[in-house]
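*Asks:* Single-letter residue listing:
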Amino acid sequence: DAGVTQSPTHLIKTRGQQVTLRCSPKSGHDTVSWYQQALGQGPQFIFQYYEEEERQRGNFPDRFSGHQFPNYSSELNVNALLLGDSALYLCASSLTRNNEQFFGPGTRLTVL
Amino acid sequence: AQSVSQHNHHVILSEAASLELGCNYSYGGTVNLFWYVQYPGQHLQLLLKYFSGDPLVKGIKGFEAEFIKSKFSFNLRKPSVQWSDTAEYFCAVNGFAGKSTFGDGTTLTVKP
Numbered sequence: 002d003a004g005v006t007q008s009p010t011h012l013i014k015t016r017g018q019q020v021t022l023r024c025s026p027k028s029g030h031d032t033v034s035w036y037q038q039a040l041g042q043g044p045q046f047i048f049q050y051y052e053e054e055e056r057q058r059g060n061f062p063d064r065f066s067g068h069q070f071p072n073y074s075s076e077l078n079v080n081a082l083l084l085g086d087s088a089l090y091l092c093a094s095s096l097t098r099n100n101e102q103f104f105g106p107g108t109r110l111t112v113l
Numbered sequence: 012a013q014s015v016s017q018h019n020h021h022v023i024l025s026e027a028a029s030l031e032l033g034c035n036y037s038y039g040g041t042v043n044l045f046w047y048v049q050y051p052g053q054h055l056q057l058l059l060k061y062f063s064g065d066p067l068v069k070g071i072k073g074f075e076a077e078f079i080k081s082k083f084s085f086n087l088r089k090p091s092v093q094w095s096d097t098a099e100y101f102c103a104v105n106g107f108a109g110k111s112t113f114g115d116g117t118t119l120t121v122k123p
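Read top to bottom, the protein sequences are chains V and A. Here the first sequence is numbered in my numbering, starting from 2 and rising by one per residue. Here the second sequence is numbered in my numbering, starting from 12 and rising by one per residue.
Be a bit skeptical, because a hint or two may be false.
In silico BS3-like links for lysine-lysine, alpha-carbon gap of 27 Å or less [unchecked claim]:
#1 A:69 <-> V:27
#2 A:69 <-> A:110
#3 V:27 <-> A:110
Keep in mind that the hints were calculated from the coordinates and are not lab data.
Sequences and hints are given; from them, build the entire structure.
*Replies:* Next comes the structure, spelled out in structure tokens:
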């Protein structure tokens, strides 16, 4: 049973560019959440998708957007990248009835 | 709003020493509580969780945590640590399905 997978593993972008990160949830899970983890900090909740809709959102600007596909996979898009967007981006999946989340390995984004 | 405070940023212990990591949360309603562990080079893994019932919960690898509602605490304990327990530990609270708020983590170093 494959766990949560994310791609790419690492990414380097320059300020002002746009980036798309991808996530495939654990088999049988229908809810995907995205987190940003800056160095030395805990993961910060960005948003959560269920039934292809954004269900909840954390304190992140509109530059951060997402999408969920019918197969429950998800994308995180970040526009107009800033240096401060450099972080590890984590995807977690869960069942809506169960709050237990399973995390992927993350995508390390570096903005130069 | 949810918040989590982990009091110890870095803990250094010798093997066989006992461990207790503090976690306090702030949330007005019913919460689910979690401890996650991140071993060097690996992704976040669930150590244990509390949803309801017995406030003393047992997790993997000999870890346990006690939920004390009156103190808004969910401290992690282990009677005897091993070198392989060296990792970063995160406490998280979940007041809504899937939206977790994490503490900033505690880095545990166990000396052989």
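*Asks:* Report the numbers of all earlier hints that the structure fails to satisfy, in ascending order.
*Replies:* Result: no hint breaks.
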